[in-house]
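Heads up: the protein sequence lines correspond to chains A and B, in order.
The end of the first sequence is residue 492 by the working numbering, with every number in the run present.
The end of the second sequence is residue 1491 by the working numbering, with every number in the run present.
Treat each hint with caution, since some may be false.
[Claimed, not checked] No more than 30 Å apart at the CA atoms, straight line, and that leaves these computed lysine-lysine pairs for DSSO-like:
| id | chain 1 | residue 1 | chain 2 | residue 2 |
| --- | --- | --- | --- | --- |
| 1 | A | Lys358 | A | Lys456 |
| 2 | A | Lys487 | B | Lys1351 |
| 3 | A | Lys227 | B | Lys1358 |
| 4 | A | Lys86 | B | Lys1351 |
| 5 | A | Lys403 | A | Lys358 |
| 6 | A | Lys184 | A | Lys86 |
| 7 | A | Lys137 | A | Lys201 |
| 8 | A | Lys403 | A | Lys421 |
| 9 | A | Lys423 | A | Lys403 |
[Stated by the list, open to error] Heads up, incomplete: computed chain A residues facing chain B, CB under 8 Å, no partners named:
| id | residue |
| --- | --- |
| 10 | Pro292 |
| 11 | Trp299 |
| 12 | Lys358 |
If you are wondering where the hints come from, they were derived from the structure by calculation, not from laboratory data.
For every residue, glycine included, the Cβ atom is placed at its ideal position computed from N, Cα and C.
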Amino acid sequence: MNQHTMDYEVVIGMEIHAELRTASKMFCGCAVVDTTVAEPNTAVCPVCVGLPGAMPVVNQRAVEQAMMVGLALNCDINAFTSFARKNYFYPDLPKGYQISQYDHPIATAGWIEVQPDEGQPARIGIRRAHMEEDTAKSFHHTTGTRGGGGYTLIDFNRSGVPLLEIVSEPDMRSVAEAYAYATKIREILRYLGVNTGDMEKGVLRFEANISIRPRGSETLGTRTEVKNLNSFRALVRSAEYEIQRQIAVVEAGGTVVQETLGWDEARGVTYSQRGKEHAHDYRYFPEPDLPPLVIDPDWVEEVRTSLPELPDAKHARFIREYGLPINDVRILVAERALADYFEAAARAHAGDAVAISKWIVGELAFLMNRDGVDIGEVKVTPVSLAALVSLVDKGTISQTSAKDVLGAMFATGRAPEDIVKEKGLVQISDEEALSQVADEVLAQHPDQVAAYLEGKENLLQWFMGQVMRATRGRAQPQTVLGLLREKLEARR
Amino acid sequence: MTLHTLTLRQAGELLTAGEITSVELTEAVLDRIRAVDPTVKAYVTVCEEAALAEARAADRRLQTGEGLTPLTGIPYGVKDCLSTTGVRTTCSSRILEDYVPRYDATVISRLRAAGAVLVGKQNMDEFGMGSSCENSAFYPTRNPWDPARVPGGSSGGSAAAVAAEMGLFSLGEDTGGSIRMPAGFCGVTGLKPTYGRVSRYGLIALVSSFDSIGPMTHDVWDTALVTAAIAGHDPCDSTSLEAPVPDYLAGMAQERLDGVRLGVPREYFADGMEPGVRQAVEAALAHLAALGAEIREVSLPHADHAISIYYLILTAEASSNLARFDGVRFGLSEPPEGVDIIERYLQTRGKGFGAEVKRRIMLGTFALSAGYYDAYYLRAQRARTLLRQDFERAFADVDALIAPTSPTTAFPLGERIGDPLQMYLSDIYVVAANPGGACSLAVPCGYAEGLPVGMQIMGPALGEATILRIGAAYQATTDWHTARPEQLPSG
Chain A
1 MNQHTMDYEV
11 VIGMEIHAEL
21 RTASKMFCGC
31 AVVDTTVAEP
41 NTAVCPVCVG
51 LPGAMPVVNQ
61 RAVEQAMMVG
71 LALNCDINAF
81 TSFARKNYFY
91 PDLPKGYQIS
101 QYDHPIATAG
111 WIEVQPDEGQ
121 PARIGIRRAH
131 MEEDTAKSFH
141 HTTGTRGGGG
151 YTLIDFNRSG
161 VPLLEIVSEP
171 DMRSVAEAYA
181 YATKIREILR
191 YLGVNTGDME
201 KGVLRFEANI
211 SIRPRGSETL
221 GTRTEVKNLN
231 SFRALVRSAE
241 YEIQRQIAVV
251 EAGGTVVQET
261 LGWDEARGVT
271 YSQRGKEHAH
281 DYRYFPEPDL
291 PPLVIDPDWV
301 EEVRTSLPEL
311 PDAKHARFIR
321 EYGLPINDVR
331 ILVAERALAD
341 YFEAAARAHA
351 GDAVAISKWI
361 VGELAFLMNR
371 DGVDIGEVKV
381 TPVSLAALVS
391 LVDKGTISQT
401 SAKDVLGAMF
411 ATGRAPEDIV
421 KEKGLVQISD
431 EEALSQVADE
441 VLAQHPDQVA
451 AYLEGKENLL
461 QWFMGQVMRA
471 TRGRAQPQTV
481 LGLLREKLEA
491 RR
Chain B
1001 MTLHTLTLRQ
1011 AGELLTAGEI
1021 TSVELTEAVL
1031 DRIRAVDPTV
1041 KAYVTVCEEA
1051 ALAEARAADR
1061 RLQTGEGLTP
1071 LTGIPYGVKD
1081 CLSTTGVRTT
1091 CSSRILEDYV
1101 PRYDATVISR
1111 LRAAGAVLVG
1121 KQNMDEFGMG
1131 SSCENSAFYP
1141 TRNPWDPARV
1151 PGGSSGGSAA
1161 AVAAEMGLFS
1171 LGEDTGGSIR
1181 MPAGFCGVTG
1191 LKPTYGRVSR
1201 YGLIALVSSF
1211 DSIGPMTHDV
1221 WDTALVTAAI
1231 AGHDPCDSTS
1241 LEAPVPDYLA
1251 GMAQERLDGV
1261 RLGVPREYFA
1271 DGMEPGVRQA
1281 VEAALAHLAA
1291 LGAEIREVSL
1301 PHADHAISIY
1311 YLILTAEASS
1321 NLARFDGVRF
1331 GLSEPPEGVD
1341 IIERYLQTRG
1351 KGFGAEVKRR
1361 IMLGTFALSA
1371 GYYDAYYLRA
1381 QRARTLLRQD
1391 FERAFADVDA
1401 LIAPTSPTTA
1411 FPLGERIGDP
1421 LQMYLSDIYV
1431 VAANPGGACS
1441 LAVPCGYAEG
1451 LPVGMQIMGP
1461 ALGEATILRI
1471 GAAYQATTDW
1481 HTARPEQLPS
1491 G
């Protein structure tokens, strides 16, 4: 860490643009397609290409999804909400204005609680969430035949895709909190099923407003806006960089200039896109092509009751209902599908759900990471996992064998019983049989027996290992341990 | 043959009776266009082949008798701001000179479905900005009553086409009088329906809050027939009204107006009106009274502000509506290659837009700017509310308001083109209906020195049936609407 003359407090606010996962676009009937794979300009119509005379029609489903997010973020859903035009020129903005919301956003005054990896939980205010349409996508070619100086191609497939812009209060006091906030928003959006969270596909974009001030100061410092952050890594790195840059400016006796910054991922620096004096004047005014939406309170209640259980509630319930350790809960709850998987397995399992959780966050997570698959693609069904854990609980197979069995299940999707049978892994818990093996092991290693009897009692584990080896891991450990101790003590 | 002189209703009867065919009628109209349009210049594009194909299709329909409507086989033209598949749609602007839409405006598809025959696209003031048709980037349209005079605007081509019998009806578009004012100058009947009564989908927007599409015809019955065909809710236009479309013609057989209360706005008859216009309108009021109507003086206290309200909202919305003409996807794009995007915007818009359009874009951009929005746009919207309340109060006491369509008759070409403010004042009586939320019917009500004088009958929101009924009683008992200009040189 650099040495500074003063202790600075960081203030961060965030704007998150989330594409909504509707079947059709915000203001026309065109399909929302995966713009990273679809042939360019195939999901377009007069409306989303901005042909003269074409008019927007609000997608009800997008409004509903926006309401879901608003409610999940503890916002008020405004009974009167309306659209506005945000005017600026850019080739990817076909109408020369973006239909957005300005003074009557759909959702206002919410909050969420976030838990940074280190430090205290923090409550982050949500100022507003508003609906708008995405722009088209430009592909700049710096060299090329057209005009010599390069050219730009535009794909309008993305033009008009519903977006929700979620604006936080400047309530974050560290990069860790900003990261936790962004992660939490993504988690909630995924829970609601309104966004895939695929950062690399650009369905979620971050913008951070960053300022610093002397610790203890109540006034906000001059902020800079870092735009178009397309990954968590970019968010964290750019915020860290920008904070250090601002501190350096202040320490050098300068003042931070209010400006819009870009993030150069390769060089790891922020750079000025435009200063305050060149700030856009968006000339907002009410969109005359769309009457305001008056949202029936009954509709809000309908949406509220249809909301799935959200991460915080699930977190609390998993602790309360299943007695899971907090670290397991965090991992399970981070993704709705994983949490659902756990619950399905726990329901299928007669015994302790903690064991199920341990297997999921332990061995199963390890296998998923190893192969880069997510829970939706895992071949092991929750019921099979529960069956595997039952086999361990009942002592049919050992913990060690169970790992091999899970590996086989993971690879093939077969039932654990079949694998156990086929591999001959049924645990030997029959005392008579194990007693015989123990006797043989002791008979074969007189030196170690003698050493044990002379006080090297930790050799007990070594004998245990020998029994396991002789039974190819199938021996029931507790029984073996008891038998060995009994037999060795009998030789004193 | 003089088929082109027929009214829509007359032609419809002959078509259904099998006495004429749509092809004959359409050819008569096309001949007439060839004969007089070199003088009048009402059309920007004539789509002869497509029109004849539509006429043949209409004739097949007339033969089988299936799916007939009063418009089946009727040739018509539309103001060139309505999108027509495969037929260029220019708004009389260089920037759209070669723009060919890939879809039909809702009104066009409704007329196609009804079997009407589109013969061409009509000249207008560029993007609807003007009151004389002189702001067309291509050429001015002439008034068929006197080719040295303007037809009014911005739907000047549509009015002149009907007056000169180059189409049995036109569709115009009225943002602040653009149907009624030229209807008055050209002696035709025109209706500005209530905002939202007719879908705007496919209409190249001037002012999204005010734009209203409506018919221009020889008489009110034709206007009623066309209105019935194009009105009604459209899911593609969220501002279109859900209210069912009444049977307008049903109320239009009455020749008496007993019990009907007509208001005369004091403010409109104060000063600035030409004596010939005043005489014609006062005579019309006397005639309406003789038909049994009760005439009352009413007040629209904020009428003085109508022009300011209108132009502030107009310029603001238009500056945004015209932003899409950027040379990126369609229309003019200058130069062919080799410049950055800013240069392309500047050259395309610099060359593509005319002076009046640029003036209004600049005014509107200014009015919406940070720091000025409250003083201009927001204030205009508040004043608009007051204006609307004026109308609502007036309509609480009367069924309709009567006013001229313009303080003067058609003025000579070139007279006002150098003085925008003087031009704006030509619309002083018609402009308030749009921000005021009224519907309004323009009918010819006399002549002053050989030029038509227009009268408007304004009704409350969705009051079309009422004003059409009043117009029908008036036209049933007068013959101003039957006069046609005589001396058009034919080429």
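Now for the hints, and whether the structure bears them out:
1. A:Lys358 with A:Lys456: 34 Å, violated
2. A:Lys487 with B:Lys1351: Violated - the C-alpha atoms of B:Lys1351 and A:Lys487 are around 104 Å apart, more than 30 Å.
3. A:Lys227 with B:Lys1358: 33 Å, violated
4. A:Lys86 with B:Lys1351: Given that 30 Å is the threshold and the Cα spacing comes to 25 Å, the pair holds.
5. A:Lys403 with A:Lys358: 12 Å, holds
6. A:Lys184 with A:Lys86: Roughly 29 Å between the alpha carbons, so the hint for A:Lys184 and A:Lys86 holds.
7. A:Lys137 with A:Lys201: At roughly 12 Å apart (the allowed maximum being 30 Å), A:Lys201 and A:Lys137 satisfy the hint.
8. A:Lys403 with A:Lys421: Within the cut-off at roughly 15 Å; holds.
9. A:Lys423 with A:Lys403: Measuring from Cα to Cα gives roughly 13 Å; hence the hint holds.
10. Pro292: Result: violated, 11 Å to nearest chain B Cβ.
11. Trp299: This interface hint is violated because 18 Å lies over the 8 Å limit.
12. Lys358: Interface hint status for A:Lys358: violated (55 Å vs cutoff 8 Å).
Checked against the numbered hints listed earlier, the structure breaks hints 1, 2, 3, 10, 11, 12; every other hint is satisfied.
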